[in-house]
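Colleague: Under UniProt numbering, the sequence shown has 197 at position 197, and the numbering climbs by one with no breaks.
Everything labelled a hint here was simulated from the structure, so no lab data went into it.
There could be a bad hint or two in this list.
Stated by the list, open to error - Straight-line Cα separation of at most 25 angstroms, DSS-like style, residue types lysine-lysine; simulated pairs:
id, residue 1, residue 2
1, Lys67, Lys299
2, Lys283, Lys299
3, Lys287, Lys353
4, Lys299, Lys287
5, Lys91, Lys56
6, Lys94, Lys56
7, Lys94, Lys207
Fair warning: this is a prediction, and the values are worked out from it, not measured in the lab.
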Amino acid sequence: MSTVGRNEPCPCGSGKKYKKCCEKENGVNIDAMINQELDVLQAQLYDFIATAQDPKMEEAYHEYLKKMDLMKADPDIYEMAFVSWYGSTQKDEKGVRLIDRFIDKSVGTVTRPQTAAVLESWRNLRVTAGTVEKVDDSTLHVEEVITGEKLVVKERFGNLEESSFFLALLLPNGDKHLPFAQYFIYPSIENAAMELVKIRFEQGEFKNLQDYLADQYMMLADVGFVLYSAEKKKSGKKAAVDSEGTEIETPAEQEAPIEGVEIWKMPEYNEAITALKTFLTEKGEDKAESDLLVSVLEKYFYTERPTIRNPKIYSGALVDMAKNIDEISIRHVQKELAEYFDVSANSISRRSKQIWESYQDTVYELLKK
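Generate the whole structure from the sequences, applying the supplied hints.
Modeller: Written out as structure tokens, the structure reads:
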């Protein structure tokens with residue numbers, strides 16, 4: 001608790017003496033008062049984003065929901081994760097995020113300077129993924145993947161396991177951070193999850209870790225459940241934990257058995273594979289030849305783990321690549337593929353050449369089987 005002399009400057013930042021400012025509030029803990037105000041502002045921020053009349057956000061909501069393997073089983077968790085992520089990371093045509101609009105609108109109404117300063121700092125929201133190193137009553141100590149930075153997150157987390165995987169949107173609060181809305185803590189998968197983040201970042205086209213995590217946050221949240229569900233099915237460990245500190249029961253008991261899930265398959269990989277299968281089926285292509293192309297694409301994803309933004313480029317690229325294989329009859333021109341998959345012919349051509357140069361040996365190995 002902060003202790004202040006009556007004639008000292010008030011710690012709220014008003015410039016007045018303490019006795020003429022916050023002492024009249026019965027000597028309450030100034031830090032506690034500021035924290036209460038920040039809690040209210042967080043709730044207001046979330047509501048501001050959730051009620052924004054933004055057609056692009058509505059469209060993105062449904063597009064991302066389609067890509068969720070497991071998180072779509074719990075609409076409440078998905079909605080809170082999506083709303084907080086979209087509003088704090090996605091920019092409109094003017095390069096402005098909803099969080100910036102909220103701060104612009106609200107900062108002038110905040111009377112306590114310290115609170116206003118923290119609110120302004122929220123423009124520097126941080127997306128993080130890392131390992132939980134230590135937990136106490138009110139803080140979580142996290143070592144961030146790749147950067148190795150140590151972060152202190154203020155929240156009452158309850159009884160959690162150390163060495164869990166932590167994924168969150170963090171609002172600055174001095175030298176600490178506050179988790180914004182929905183965050184994720186997955187026990188028992190930290191090694192697999194950290195390795196997956198490293199591989200996908202290194203093979204992606206992002207300038208820095210923040211850009212990568214901001215772009216891939218929703219996908220990583222969902223694959224965390226895939227990894228965790230597989231681990232839970234295998235070991236019977238307790239459930240992951242949501243932002244309320246309660247256990248999240250992942251859909252491990254659904255009809256499809258989790259234990260056989262191929263955890264390397266990110267949602268966008270599945271989308272590319274499904275689109276490829278759909279095209280080949282609609283065109284009436286030979287099943288064995290179609291299976292060959294699908295197997296090559298799966299092998300490519302499994303080995304390379306690329307970070308991809310438009311999965312259908314890869315679908316079209318595999319069909320285009322077939323022209324190099326004399327042993328099969330699948331032939332489609334790039335213009336047709338570009339129109340069907342709604343991507344550019346140049347994108348298909350570049351990706352097709354790249355995959356063929358790296359995987360033609362794999363093609364011929366599969367042809368022998």
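Colleague: Look at each hint and say if it fits the structure.
Modeller: Results of checking the hints against the structure:
no.: 1; hint: Lys67 / Lys299; result: 21 angstroms, holds
no.: 2; hint: Lys283 / Lys299; result: 23 angstroms, holds
no.: 3; hint: Lys287 / Lys353; result: 24 angstroms, holds
no.: 4; hint: Lys299 / Lys287; result: 18 angstroms, holds
no.: 5; hint: Lys91 / Lys56; result: 10 angstroms, holds
no.: 6; hint: Lys94 / Lys56; result: 14 angstroms, holds
no.: 7; hint: Lys94 / Lys207; result: 21 angstroms, holds
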